[in-house]
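Enquirer: Residues per chain are reported as follows:
Protein chains: 4
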Amino acid sequence: MTQRLTLDDLNDMSAEAFAGALGDIFEHAPWVAEGAAARRPFATVAALHDAMMEAVRAAPPERQLAFLRGHPELGGKVARAGAMTAESVAEQGGLGLNRLGDADFQRFERLNSTYRARFGFPFIVCVRRQTRSSILASFERRTALGPDEEFATALSEIGHITRLRLAQKVEGEGMPRTDGRLSTHVLDTHAGRPAPGVRIRLYEVEDEARSLIAETATNADGRTDRPLMGGPGGGPLRMGVYEIVFAVGDYFRAHGVAMPSPAFVDVVPLRFGVAEPEGHYHVPLLATPWSFSTYRGS
Amino acid sequence: MTQRLTLDDLNDMSAEAFAGALGDIFEHAPWVAEGAAARRPFATVAALHDAMMEAVRAAPPERQLAFLRGHPELGGKVARAGAMTAESVAEQGGLGLNRLGDADFQRFERLNSTYRARFGFPFIVCVRRQTRSSILASFERRTALGPDEEFATALSEIGHITRLRLAQKVEGEGMPRTDGRLSTHVLDTHAGRPAPGVRIRLYEVEDEARSLIAETATNADGRTDRPLMGGPGGGPLRMGVYEIVFAVGDYFRAHGVAMPSPAFVDVVPLRFGVAEPEGHYHVPLLATPWSFSTYRGS
Amino acid sequence: MTQRLTLDDLNDMSAEAFAGALGDIFEHAPWVAEGAAARRPFATVAALHDAMMEAVRAAPPERQLAFLRGHPELGGKVARAGAMTAESVAEQGGLGLNRLGDADFQRFERLNSTYRARFGFPFIVCVRRQTRSSILASFERRTALGPDEEFATALSEIGHITRLRLAQKVEGEGMPRTDGRLSTHVLDTHAGRPAPGVRIRLYEVEDEARSLIAETATNADGRTDRPLMGGPGGGPLRMGVYEIVFAVGDYFRAHGVAMPSPAFVDVVPLRFGVAEPEGHYHVPLLATPWSFSTYRGS
Amino acid sequence: MTQRLTLDDLNDMSAEAFAGALGDIFEHAPWVAEGAAARRPFATVAALHDAMMEAVRAAPPERQLAFLRGHPELGGKVARAGAMTAESVAEQGGLGLNRLGDADFQRFERLNSTYRARFGFPFIVCVRRQTRSSILASFERRTALGPDEEFATALSEIGHITRLRLAQKVEGEGMPRTDGRLSTHVLDTHAGRPAPGVRIRLYEVEDEARSLIAETATNADGRTDRPLMGGPGGGPLRMGVYEIVFAVGDYFRAHGVAMPSPAFVDVVPLRFGVAEPEGHYHVPLLATPWSFSTYRGS
Chain A
485 MTQRLTLDDL
495 NDMSAEAFAG
505 ALGDIFEHAP
515 WVAEGAAARR
525 PFATVAALHD
535 AMMEAVRAAP
545 PERQLAFLRG
555 HPELGGKVAR
565 AGAMTAESVA
575 EQGGLGLNRL
585 GDADFQRFER
595 LNSTYRARFG
605 FPFIVCVRRQ
615 TRSSILASFE
625 RRTALGPDEE
635 FATALSEIGH
645 ITRLRLAQKV
655 EGEGMPRTDG
665 RLSTHVLDTH
675 AGRPAPGVRI
685 RLYEVEDEAR
695 SLIAETATNA
705 DGRTDRPLMG
715 GPGGGPLRMG
725 VYEIVFAVGD
735 YFRAHGVAMP
745 SPAFVDVVPL
755 RFGVAEPEGH
765 YHVPLLATPW
775 SFSTYRGS
Chain B
485 MTQRLTLDDL
495 NDMSAEAFAG
505 ALGDIFEHAP
515 WVAEGAAARR
525 PFATVAALHD
535 AMMEAVRAAP
545 PERQLAFLRG
555 HPELGGKVAR
565 AGAMTAESVA
575 EQGGLGLNRL
585 GDADFQRFER
595 LNSTYRARFG
605 FPFIVCVRRQ
615 TRSSILASFE
625 RRTALGPDEE
635 FATALSEIGH
645 ITRLRLAQKV
655 EGEGMPRTDG
665 RLSTHVLDTH
675 AGRPAPGVRI
685 RLYEVEDEAR
695 SLIAETATNA
705 DGRTDRPLMG
715 GPGGGPLRMG
725 VYEIVFAVGD
735 YFRAHGVAMP
745 SPAFVDVVPL
755 RFGVAEPEGH
765 YHVPLLATPW
775 SFSTYRGS
Chain C
485 MTQRLTLDDL
495 NDMSAEAFAG
505 ALGDIFEHAP
515 WVAEGAAARR
525 PFATVAALHD
535 AMMEAVRAAP
545 PERQLAFLRG
555 HPELGGKVAR
565 AGAMTAESVA
575 EQGGLGLNRL
585 GDADFQRFER
595 LNSTYRARFG
605 FPFIVCVRRQ
615 TRSSILASFE
625 RRTALGPDEE
635 FATALSEIGH
645 ITRLRLAQKV
655 EGEGMPRTDG
665 RLSTHVLDTH
675 AGRPAPGVRI
685 RLYEVEDEAR
695 SLIAETATNA
705 DGRTDRPLMG
715 GPGGGPLRMG
725 VYEIVFAVGD
735 YFRAHGVAMP
745 SPAFVDVVPL
755 RFGVAEPEGH
765 YHVPLLATPW
775 SFSTYRGS
Chain D
485 MTQRLTLDDL
495 NDMSAEAFAG
505 ALGDIFEHAP
515 WVAEGAAARR
525 PFATVAALHD
535 AMMEAVRAAP
545 PERQLAFLRG
555 HPELGGKVAR
565 AGAMTAESVA
575 EQGGLGLNRL
585 GDADFQRFER
595 LNSTYRARFG
605 FPFIVCVRRQ
615 TRSSILASFE
625 RRTALGPDEE
635 FATALSEIGH
645 ITRLRLAQKV
655 EGEGMPRTDG
665 RLSTHVLDTH
675 AGRPAPGVRI
685 RLYEVEDEAR
695 SLIAETATNA
705 DGRTDRPLMG
715 GPGGGPLRMG
725 VYEIVFAVGD
735 YFRAHGVAMP
745 SPAFVDVVPL
755 RFGVAEPEGH
765 YHVPLLATPW
775 SFSTYRGS
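Residue numbers (the numbering used here), protein chains in the order written: chain A, 485 to 782; chain B, 485 to 782; chain C, 485 to 782; chain D, 485 to 782.
Keep in mind that the hints were calculated from the coordinates and are not lab data.
Some chain D residues close to chain A (C-beta under 8 Å, calculated; not the full set):
1) P678
2) G706
3) Y779
4) G781
5) S782
Which bits of chain B does chain A cover? Going by a derived footprint, with three or more residues having C-beta under 8 Å, they are:
6) 714-725
7) 738-752
8) 755-762
Derived Cβ-Cβ restraints for the label pairs, each shown as a range:
9) D:A731 to C:D709: 31 to 37 Å
10) D:G658 to C:T700: 51 to 57 Å
11) C:A574 to D:D691: 35 to 41 Å
12) A:R677 to B:A698: 36 to 42 Å
13) D:S695 to C:T700: 27 to 33 Å
14) B:E699 to A:H739: 34 to 40 Å
15) A:G578 to B:R710: 46 to 52 Å
16) C:A701 to D:P631: 36 to 42 Å
17) D:G630 to C:D709: 42 to 48 Å
18) D:Q652 to A:R677: 27 to 33 Å
19) A:L696 to D:Q652: 51 to 57 Å
20) D:S695 to C:R591: 27 to 33 Å
21) C:R591 to D:T627: 47 to 53 Å
Here a beta-carbon is modelled for each residue, glycine too, at the ideal position from N, C-alpha and C.
Kindly generate the complete structure, drawing on both the sequences and the hints.
Expert: Given below as structure tokens:
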């Protein structure tokens, strides 16, 4: 990673230097950084981001519209042709949206053209907070909104996109909240202690298909050494549906607990949805050979 | 179904008629019924079955061996060629073992020939208490047993097979226990009441694949009108791994509960194993939009 | 219990006989039965009760007020002096309200006189649906209501009182719902089966004091042979706070489960409130030596 | 608190100074410290304690017996007369054993004299790990042991007593484990978040009586700012039975959740036992207005 700018530096430099340093945070819109320069100094990085968003919201409607229109289409021709900004490439590439198969490409083309015909600008979404499923769901949901509501939604997505870009580029006091976290904990309520050594797999669930995202095992305290997703510096979680699958039957057998064959509780999938990318999702498993439960913990 | 014999009739008829009536319960072994005839009268159908098994256990070793050898191989050439007794056809047909594809046929042939080479008789199992997964698991497990232990296991499987055949043919006091049952119950612990109208799907899980077995919805008491599997007259459950999948998120949304998108608790799969085909498995779901649990109930 | 009248008899008899038979259901108000006589025949006992309540609601205000004023005070001088109707004596006697100690008598006198000064009639409540705690709580709550709201509340209590009297006196189709039920179930989620032989005590909780109401043990299915309170013919539950105390540690020790001393889970009190006297409260205990849970079941 | 010695100092000083510094750790037995002096240097404080216990175990039987006999009786005449070492006074005083009422004094006298008659030395127990209930229970249990087993038990209690004394007097690497901890956490599984502001009371339960030990409320994360008992530097927990009582109904009402009156879940007592004074007991409450559960967590 390149060296990040400090908030102090940004507060101290000339307006031109400031605009130059942050000119590419908002897609093809250096005027946003220029507008924010006059509001310095900023006490926190979050306040700096707020000021940039304020500059967008204060711009005349035609400028806002031009700004929205300057964004690339999702999974679209621009993406395929490689004509996006480096930031957009990295963001869309995370979900493979720049290398869609033909059928998926057609599907996105259809969604994009319906959306653009309705609102006059491309569908904008902060891809790093999304799974393919959640993007498709929000494409549908947002296309049905009224123009004003959707305009606000698009701006709010731009807020998410630029908050992440800014947090990557600048460091200092009061960083905006950009990190989510998924953690787990396995409690053996048969023996009244944490369950160490339980193999855990995390899957993303899309319709009936599951793709493996992570594989680990519980430590001595029944937790995992690192979050299953996210954590400090890990960025936002992706909205979507997940399954954590616990091989808790093997754990009980390894500890000499008598189990029928097949065991009543053996491989336990816990399925849950993530709707707050910057939230903490703690999804524990409480299990005996004859029962299990989970809840959103903290 | 043909008219069943009554226990009273069997107690009263001549020894020849008795042997004729029950001669085909034990595969190609009319001597079992002949031996049991002398022990009449029987107070219960279960006692009649015990007496027939006793006749098998009291037979000289070479007769027992010939008896075991008279059983068809599982998924084997005899099954394919259609040379089994009608009872065996019906039993093996339930799992499709008489119409295996070539790869599976080869696999069963290999398992059968290893088993036969080791023990000198074909692998016998009460198919109606099994899934494909559990048969393959027990094939492996039993091939590793010592000769005496496996001989006893084979006899015990014959006990299961013939108990079912007898219960189908005879009615009267003290029927042997042959029926299992899978039931569920959805409790809405968010509102403190049973959850009606929850769509439920039951799957059999084989490795990573799932096959749909049943589809229903909860009634006003949060239960299902009929057991998900088994019940009175429904026969034994099949040992194996199952998932009940509850569309409980739709239920909460239909009742006006605010839910994020995607919801934390939405489509909930509960995976569990069945090891006692004649047992009652009650697998309830207790759920709020933020938690769920299950246990083997009663 | 005396022989109950049948609904058929009541439908067939003369208006005078009908009014005579049911004249004492509504306290000192034979005109209620007289008014309902003209509405015969009734298809259900519940419809008969509705018609009687309708006669009350249709009466001119001064008659309604005289009717309310005809009720005895709760725990008051009339009760002490023994001048109530036999029904009122039986109802108030159930909570000991006709033999209060001096301090409690003073307290009820104060509450009664404040209430009467405010509304112009005595405080009326269906005592058989109450505990001392719930009566004192509703005395306070209702004294703060507006006159119209409290008038309606008093009529609704009269509905409860007379429904119970009618159900005791008349039998037939469509009996009004008057029975509540408290049941329990102990599940041993350590061993995956119902817990038999668990000693259970039920207490009513009043402030910090508890009084023992029932004592029993679980049967082979982990349930109790009879409801802990109520059940068919058992009348309404009393609104209030209860504790079921389960000696589940003794159960685990008796089944050879290793337990520390003192055990983490041993004597388990589950405290809960009953607000629907005619409802079914199922309060199960799911326990291991290291965890327990409960919920309102069905 | 007086300045503690460091392990380094103890390793470096003369044998006489060492024996002088630690001579009163073992009651009236300076020879224990003298014996351990030769084993220096010690890498950890725990190793120092082990060496002192080793000196006791290696002593000739008559010396060991004299040592045991040098301990004061629990709640006995010596305690009342004020003739104990300062350490014993502080330890027994924590439970009020040096100021027992006459009836309790008689009870302890009886238990002491039975015990002493049987084993020839006074009943020794590490009072700071006990409640009155657990002392009375272990008095009974230990009086029934065989002489060798009880001798070993008495030495093990001396190990607990002196470990605490040593940990208070010496600081350095590898402190022996002397601190227990009781913590809690309230999860609102109705809304899927921690429950802040829930009032909590902790009681010690002795037979049917409860005494209030602590009173607090949950913080923003649903936890308490400090452990309910113990924690770093807080010393061992006292073995015994406890109740944490959560005013969770008030929490739900304050957050606008509709609740019946009385609420099904309102004031929730969770009763549990503590058997490991140096353990961590995490006793969370998971609650909705219609369900609650707990378990020993971590």
